[in-house]
Structures are given as C-alpha cells and as structure tokens.
Amino acid sequence: MPDLLALYRAMVLIRQFEELVRSLYTGGMVPGLVHLCAGQEANAVGVCAALERSDYIASSHRGHGHCLAKGARPDFLLAEILGRTSGYCGGRSGSLHVSDPATGNLGTNGIVGGGIPLATGAALSAKSRGTRQVAVCFFGDGALNQGLAFEAMNMAAIWSLPVVYVCENNFYGEYTAIEDVTAGKSLTARGEVFDIPSRMIDGMDVLAVLAATEAAVARARTGQGPSFLICNTYRYGGHHVADKQDYKDSEEARAWQAKDPIPRLARQLLEQRIADQPRLDALEQEVAAAIRAAADFAKAAPEPAPQDLASRVYA
Amino acid sequence: MPEARQITYRAAVLEALFEEMRRDPAVIVMGEDVGAPGGVFKQTEGLYAAFAGRVIDTPISEAGAFGIAVGAAMTGLRPIFEVMFGDFLTLVMDQLVNQAAKIHYMSNGNFTVPLVLRTTMGTGANLGPQHSQSLYAWAAHVPGLKVVIPSTPADAKGLFKSAIRDDNPVLVFEDRLLYGMKGDVPEGEVLVPLGRADIKRRGRDVTVVALGRMVQVALSAAARLAQEGIEAEIVDPRSLVPLDVETLVESVKRTNRALIVDGGSRQYGAAGELAATLGETAFDWLDAPVARLAAADVPIPMSRTLEPLVQPDEGRVTAAVRALIGR
Numbered sequence: 001m002p003d004l005l006a007l008y009r010a011m012v013l014i015r016q017f018e019e020l021v022r023s024l025y026t027g028g029m030v031p032g033l034v035h036l037c038a039g040q041e042a043n044a045v046g047v048c049a050a051l052e053r054s055d056y057i058a059s060s061h062r063g064h065g066h067c068l069a070k071g072a073r074p075d076f077l078l079a080e081i082l083g084r085t086s087g088y089c090g091g092r093s094g095s096l097h098v099s100d101p102a103t104g105n106l107g108t109n110g111i112v113g114g115g116i117p118l119a120t121g122a123a124l125s126a127k128s129r130g131t132r133q134v135a136v137c138f139f140g141d142g143a144l145n146q147g148l149a150f151e152a153m154n155m156a157a158i159w160s161l162p163v164v165y166v167c168e169n170n171f172y173g174e175y176t177a178i179e180d181v182t183a184g185k186s187l188t189a190r191g192e193v194f195d196i197p198s199r200m201i202d203g204m205d206v207l208a209v210l211a212a213t214e215a216a217v218a219r220a221r222t223g224q225g226p227s228f229l230i231c232n233t234y235r236y237g238g239h240h241v242a243d244k245q246d247y248k249d250s251e252e253a254r255a256w257q258a259k260d261p262i263p264r265l266a267r268q269l270l271e272q273r274i275a276d277q278p279r280l281d282a283l284e285q286e287v288a289a290a291i292r293a294a295a296d297f298a299k300a301a302p303e304p305a306p307q308d309l310a311s312r313v314y315a
Numbered sequence: 001m002p003e004a005r006q007i008t009y010r011a012a013v014l015e016a017l018f019e020e021m022r023r024d025p026a027v028i029v030m031g032e033d034v035g036a037p038g039g040v041f042k043q044t045e046g047l048y049a050a051f052a053g054r055v056i057d058t059p060i061s062e063a064g065a066f067g068i069a070v071g072a073a074m075t076g077l078r079p080i081f082e083v084m085f086g087d088f089l090t091l092v093m094d095q096l097v098n099q100a101a102k103i104h105y106m107s108n109g110n111f112t113v114p115l116v117l118r119t120t121m122g123t124g125a126n127l128g129p130q131h132s133q134s135l136y137a138w139a140a141h142v143p144g145l146k147v148v149i150p151s152t153p154a155d156a157k158g159l160f161k162s163a164i165r166d167d168n169p170v171l172v173f174e175d176r177l178l179y180g181m182k183g184d185v186p187e188g189e190v191l192v193p194l195g196r197a198d199i200k201r202r203g204r205d206v207t208v209v210a211l212g213r214m215v216q217v218a219l220s221a222a223a224r225l226a227q228e229g230i231e232a233e234i235v236d237p238r239s240l241v242p243l244d245v246e247t248l249v250e251s252v253k254r255t256n257r258a259l260i261v262d263g264g265s266r267q268y269g270a271a272g273e274l275a276a277t278l279g280e281t282a283f284d285w286l287d288a289p290v291a292r293l294a295a296a297d298v299p300i301p302m303s304r305t306l307e308p309l310v311q312p313d314e315g316r317v318t319a320a321v322r323a324l325i326g327r
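Chains as they are written, first to last, in our numbering: chain D, 1 to 315; chain G, 1 to 327.
Hints should not be assumed to be uniformly reliable.
Distance condition first, Cα-Cα at most 25 angstroms in a straight line; then the derived SDA-like pairs of lysine to any residue [claimed, not checked]:
#1 Lys299(D) - Asn110(G)
#2 Lys299(D) - Met84(G)
#3 Lys299(D) - Leu24(D)
#4 Lys182(G) - Val298(G)
#5 Lys182(G) - Asn110(G)
#6 Lys248(D) - Glu271(D)
By construction, these hints were calculated from the structure, which means they are not laboratory data.
Please read all numbers here as calculations on a predicted model, not as lab measurements.
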C-alpha cells in the first residue's frame, strides 16, 4: 500500500515550487527560459514513487517536478534555476539542464527527446554492470515525433533493457496541438510496434500512474525489458512561463483543472480517513514554509565567480 | 623498454582495444557490424569472441546508438563507439554536441562522459561525396570534445590507449588509407599522451605541420625536397584538441617558415586555425606568412580522375614548400 500522504505532500511541493518559480520569473529574478509543470505533478510523483534512489531518470525541458520527485532539494534546485553557485550545477545549467548524480538524475534537457537515448544508455550500463537499477525517461508528446525516440526504443527492445519510457502527453508540443502534427489513431501503437508493452494512463491520477509504473519497473528489474507509458495530462501554464496560451480555449483548461491531481488525492485521503482537513492544511503550511526557506536560500546564494567561466570544460 | 615489431595501423589499433578491454571491464565497443562480423574494415576482428557481451552490434541508428553510448558513459561504462564513416557524424551531431560535449560542464563536473568515438575518413577509394570527408575540424570547434588524428601505427596504438583512459569524449579520426600501413609498434603498455605533438622529421628550412595521412604525404615530399637540398621539418600535432602549441612554435623558431597540410576542407578549417595560432604566437620569428595547403572546397567526387585532385599530395606539398621558401 503506497503512502498516500507522502504522495500528496510530493505533489503539493511541486505545485508550490512552480508557483514560486512563476512569481520569481515575473519579478525578473529568473534568467533564461523556464517551463513549468503545474498540472502534471501526478506523473513525476507517481513514477518516482515506484523508483529507488539509485535508479536513474532522464528528464525533459519541463523537469522541475521530476527532479523534486526523485529527491532533489528545493533549495538547491531553486538556486540552480536562479543561476547561483549553491545550485546543483553551480548555476551554469539552470532549469533546462540541471542534473544530480546523487539522486540518479541524468538531467533535464534542452533538446526535445534528447534524454531518451541517455536513459536507455543508463539502462544498458545497469544491465552490463549487473546492477538492479532501472532507468526512466520522461518526455512530452512532442518527442513522439523525434526519430531518436524510436531508435532508442528499438534498441531497448532488442537488448531487453531495464528502461521505462514515460510520455507525458499534455496534448501540445510548444504552441501546436498534438493532432495537427501527429499521425495515427493510437499513440500506444508507437511502442507496440517494437513489442514493448504500452499503456495509456490517466496522468491526472497519481495512483494510476504509480500502479502502472510499479508494473513496468518490476518487468525491468526482472530482465523482461522496456515498457512504454503514456500519461495523459495537462500543463496549466502553457509551454513556457511567458506563454499567453491564446491558442487554447479556456473551456479546455477548465475541464482539465476539474481533474486536478491534488484535490483528487485529497478527496481520497479524506474519504479513506487517512487524514483530516486540518492535517492536510498543516501539511500545506509545512510545504509552504519549506518553499519560503528555499526562496530565501536561493536569493541569498552567490552568483558564480567570473574566474569560474572556463573551469570543468574538461574532466 | 617494450619490444617493437612491425605491424599494421589496423592491427595496432586492435591491439590497443584488446589491451584496454582486458585491463578495464568497463570498456565496451559499440557500432555497426563491429561484433561477430569483426567490422567492415576488419578493425574489430576477434574482439567479439574474446569479450562476451562487451562488443555490441548496433542497428543502423547512429543517433540513437551514440546517445545510448553517452548515457552508458555517464553511468559507469567507457564505451568505444564506432561511426563507420566520418561523413555519418552528421547523424550523431545532436548527441555529440548538445549532450556529450556539454554534460561535464553543465553538471559542474558532477558527471563525466568517458567515451571514444572512432571514425574513418579520407579519399583514395572512390567512395564519393558521402563517404570521404575529413570532418575533424567540426569536432574541434566544439568545447568539451577532444580530437585525435593518429598518423602512424605506433601513434595509433598509443593515442587510442590514452583516449580510452581519458575521462572526456574523445574523437579519433583514422584515415582508411593508413589501415594497411606497417610500422614499428612497441608491444604492451605504451601510452602516447593527448596534446603532445611529435616531430616526425627534423629539418632546418621549413616547418610543415601535417595532420593524419598528410603526415605521410609530407614525409615523402620531404624526402624528395631533400634531394634538392631543402630540409623540411615535419611536425605532427597528433591531437587538435588539446593542441601542443609550444612544439609547433619551437619548430617555427628554428625554421622561420611554416606550411600547414590538412586533408580537410580549406574553408574555415583546421589549417586556418593552426595558421592563425602560429601567426599570433610566432609572428616575430616568421619570415613569410604561414601557408596553407588543404582539401579543395568541393564535395568529394567519386570519379577516378577528379577524386585525386581534392586532397594534398606529394607533388602539391613539394610545390607549396618551394613557393614558401622562394625556390
């Protein structure tokens, strides 16, 4: 039985973290581009709850949730997003390229689909070294039109690699709707063609995501090879933080918000008497305090020193 | 001191692979036909049988397979990835440039990408525009990559062993015309460090900086020039990144003239970078502008008549040297 309260806390943490990043961006504190995942929390949390710390993830450009769910500290992650030395990568990677070996995080990625072969390679490595590790690759529906994705899936299938491909289908690639750029009636067919077990999941239901991932991870750990999960979900904030989203109609967003994964799990917690409302409120306050502390830490963290520019180009 | 014996360039590389795979179980080989078939140039013959599970035939999916090698390198393996023809680097470019080259820097040193990308290059077999280019300058333009161009069997072995032990992505460019060349190669542990140029021939009159097979072309040109009383010093950088500027400059200080001989295209190429570097650092010792001899700026034609006109040959090198020293 999963720890539902822990799942709830993890989703609340991501939601509040993304709200903080949005407000800091609006305040001019965030350099560069940021792509927020509010609305998609159930995927990051459901998938990572099925993983061990030593397992690998490769993330996408919309990756703050993946990092946090895999165990990143909000203060170090935020410092990285603000480009400060206390960040996971000393401020040189930012939101789009942050990685952390200690939590098995191979990195968010500025190239759509770019992490797919990296995760597959980590799976090859785990298998070759004889460890029990599993690699998960997160990517959006936009990556389903990158040839690289299918090259990697083909190799994962022929070599029976311990990898789980997780497509977070939020129905838009940048500003373009999936149906305008994606042929074929079935997205799962794109995994089935390689004989990879492929499932479509309600990506607004953290428990559905967790159950599907547990099955996929169990397959991977027992040498049965890759799986492909398509989690249908929605990005509330658009492609990036400054996206006005005038290509969408507001009805659509409202319909998805009615399925929001956080209140949905809250209802289950209350119905099953795992927590009462005061407990949930207290938990939100506790997360808010952690987020405030992360903001204070990151804002106070120093900028990189100019003499550090050319360090660590080579190992 | 290890014994030297005469073996081919191909055998020297293969010996390096055998030795390094025996030494370090993290070393694996990936590529098209590198497994049971032993490589389309017989360059991996015997590895598959000797190292079960560590020599992986990939599908013809260069981009995906190379990206898998990068992910494996980030997580404990040391892949040697083969791109059959250097022209096919185009297919791996994103994973090479945007991932492999940047991961160490982007992660602030938390990840390393210890891998070798070996590929072939060069003219001489009428393989045509899509199988003949020498594209090392592309890789050398990308911070985070190292670029190695062995010109002799001994260097091939020693540089490969160093490349495999290096914790960075290292590209090794092998000219296919050198595969059958025999030379003295020491048995066992001989490492040639990356970033150290080698003077292949001493000479007082002119410095010829040559890359890869062009070193052999320059050496035969030097033998002919010697009969005319011109003594050319042939300097082989052996790696473009890191570049041993000091050895190049020291040579120019002795000869006061320099010619670069480069098998890659002239436009925006390695020869231009080397010439500019010498111009900046050895200007006070130069009696003439640094001269460049590089491949013609054309796609490389298949024709038996046209193909030999593309890359520098002995005749063009001797003519360029004579012109440079005014004889």
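Hints, verified against the model:
For the given pair, Lys299(D) sits about 23 angstroms from Asn110(G) by alpha-carbon distance, which is consistent with the 25 angstroms threshold. Between the alpha carbons of Lys299(D) and Met84(G) the distance comes to roughly 50 angstroms, so the proposed pair goes past 25 angstroms and is violated. At most 25 angstroms may separate the alpha-carbon atoms for a hinted pair to count; Lys299(D) and Leu24(D) meet this at roughly 10 angstroms. For the hint linking Lys182(G) to Val298(G), the alpha-carbon distance of about 31 angstroms lies beyond 25 angstroms, and the restraint is violated.
This hinted pair does not check out: Lys182(G) and Asn110(G) have alpha carbons roughly 42 angstroms apart, beyond 25 angstroms. With a C-alpha separation of about 34 angstroms, the suggested pair Lys248(D) and Glu271(D) falls outside the 25 angstroms cut-off, and the hint is violated.
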